[in-house]
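Asks: One letter stands for each residue in the lines below.
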Amino acid sequence: MNEIFSLRPFLDSKWTHGAIPLVLLVGLLLIIEIAAPGFLTAETTALLFANTAVLFILATGVTFAILLGGIDLSIQAVASLASVILAQLLPSLGLAAFPVAILSGLAFGILSGIVHVKLRVPSFVATLATGGVVTGIALWVSDGRAITIEEAGRENTAWINATVAGVPVVVLISAVIGIVSFLALRYTRFGRQAIAVGAGEPAAWAAGINVDRTKIVAFAASGMLAAIAGVVLAARLSSGSPVLANQLLLPAIAAVIVGGTAITGGLGGVARTAVGALIISIVRIGMTFVGINIFLENMVFGAVLIAAVAITIDRSKIAVIK
Amino acid sequence: MGSGFLTIDTEPLKSVSDIERTTLMTLFPGRIAALFGGRRWRSLAPLAVLIALCVLISIANPNFIELRNLVRVANSAAVPLTLAMGLTFIILMGSIDLSVEGTLSVAAMVVVLLAANDSNGNDYGWLAVLAAIAAGTAMGLVSGLAQTVLRIPSFMATLGMWFIGLGLSVYMLGGSAIRLNDASIRELALARLLGLPLAVWVAAGAFLLAAIIQYYTKLGRHILAIGGDEDVAKLSGVNVTRVRIAAFALAGFFFGIAGVLAAAQLGQSHAVIGDGRLFAAVTAVVVGGTALTGGEGGVVNTLIGVLIVTVLANGMILLGISPYIQQTVQGLMIIAAVALSLDRVRLRIVK
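Chains as they are written, first to last, in our numbering: chain A, 53 to 374; chain B, 8 to 358.
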């Protein structure tokens, strides 16, 4: 119990960090409400959540990597590969295609973690490299084409696009993932150790934490959640493609950072990522609403990312900014 | 080869001084090793890999050493080489530039939209090329400013710039492919000098320029000094902020040239003109033996690295291996090269 208490003041002192994004989110909702009264009905809210689901699942995965002070640049590749695997295997395996696709993400997440930890390669290069490996495999498996999920396969993906009591299943999936990840980070030994490693790796190591194992588990989680996001995306679009999720890497990382998780690690969590993902989603809808060209979205997100990193980064933790 | 001039005296920057190195230096291989900015026999490994690769591919398919195929290899190495020249300086500093694809597509967009094209009435000829290179340099300048003024790690600053550049170029192109109709710019890819396309000569020029900057200018030495140990460099009076901004601008300059070459080679610019180029450039730099920790390696290493990547890609096509698997192979090469080259003594914590 002692370790919980020693971390608490540290988190409490930074609570403002977590509050700012929330204020921003409420502000954005107010702006929408004022600009278009009656826009926020139960229906549009459900739609908003449904459209945020994939982004949130991806962002939750990368939250694990960022909390450790690392980064995962392979999530879009892993998600795309999972979509290809699902689309390829649905006709022959049926529902069993889902676990295969998701386990592929787990495998490549573990691979990223091992390369990063055992070969001592910085995580952004390790994941850039595994991302390339995964993209190559996805291109090879799919012959560089998008694979449509045919009528027969769609029977098995229909449940993802269904609603339960008015709530879209994708929202339920992301809620379950969010809650499990939240609990895992807050109440399990792994979660505590992950935050400790992110807060100060030498101290965590000196305290006897198995830093290597913690990191591998975090990257495995990131890979698996990326694959789940890819599967959900494939089911929603009824198609798998080696470039399906390419546009989601930046919004996913931006969601984590905008939510208030610092890239220096040790500060933040899944709840913040949920807020960040909603902000990104609303900004995206807002841009379409205001009439900003869809091609300019990337520019806005790029600028938002740089600004958010500059605000949330804990500079006392890096001696030399490289 | 005048290796005495090309040898960089990084010794004062390193805390390790090994006698083994000085004995090696007196031997001929040691001199070649010195040219590659390395201290041990290990630094000759990339060259050995390149030669072995060429021999193996030639045995498997003799078409490889046909002049026509070698010209093809040189031609497909032109853009990666120019890109990797810029990236080398950034990695030498111990930083990374992920904005390669964004900057390249901005430059390609600028040259296509300002020269004769099938979308608007502009026809500025070679002024468009200058504008494109200036645009690339400006992108690099912004990356450098974002990194130093906002004090954020370069991979985050340039990740943002990657998508800013991509968004800007796709927006300006209206999401479609626009053809480049300026005949004199197209000549870069089509005209030949001594049997090689002009683009290859431009890339060779970029290499020479990069070599001169690295070995003969203060900027080059300061970049190496920062990569070796930033604190020591600062204490020795190097204006770290200014050198960092200059290095990113320099990288943007090379990416700009590469963008022009890419547009000339394809005869058009489109949304995915940069796809896969970051990956190839990073692979080339690290496979050549430039350490991600900075301060070790250089543009000669990168030349070898680019040739390894290009020869391998060409060889895979000759051997009938699916081109789609290329990224997989490159990814594995990055992992292997980085794992072999990292100076682990200096790197207790890997993030």
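By construction, these hints were calculated from the structure, which means they are not laboratory data.
Think of the CB as a built atom: it goes at the ideal place given N, C-alpha and C, for glycine as much as any other residue.
Check before you lean on any hint, since a few could be wrong.
Unchecked claim - Restraint ranges, calculated between C-beta atoms of paired labels, are given here: (1) 69/B to 339/A: 50 to 60 Å; (2) 244/B to 262/A: 55 to 65 Å; (3) 200/A to 133/B: 27 to 37 Å; (4) 212/B to 92/A: 40 to 50 Å; (5) 241/B to 368/A: 41 to 51 Å; (6) 204/A to 212/B: 51 to 61 Å; (7) 183/B to 202/A: 22 to 32 Å; (8) 68/B to 370/A: 16 to 26 Å.
Asks: Hint by hint, say whether it matches the structure.
Replies: Now for the hints, and whether the structure bears them out:
1. 69/B to 339/A: 50 to 60 Å: At roughly 57 Å between Cβ atoms, residue 339/A and residue 69/B fall inside 50 to 60 Å, so the hint holds.
2. 244/B to 262/A: 55 to 65 Å: The hint (55 to 65 Å, Cβ to Cβ) is violated, given that residue 244/B and residue 262/A are roughly 44 Å apart.
3. 200/A to 133/B: 27 to 37 Å: 46 Å, violated
4. 212/B to 92/A: 40 to 50 Å: At 59 Å between Cβs, range violated.
5. 241/B to 368/A: 41 to 51 Å: At roughly 18 Å between Cβ atoms, residue 368/A and residue 241/B fall outside 41 to 51 Å, so the hint is violated.
6. 204/A to 212/B: 51 to 61 Å: 58 Å, holds
7. 183/B to 202/A: 22 to 32 Å: Check passed, 30 Å falls within 22 to 32 Å.
8. 68/B to 370/A: 16 to 26 Å: 49 Å, violated
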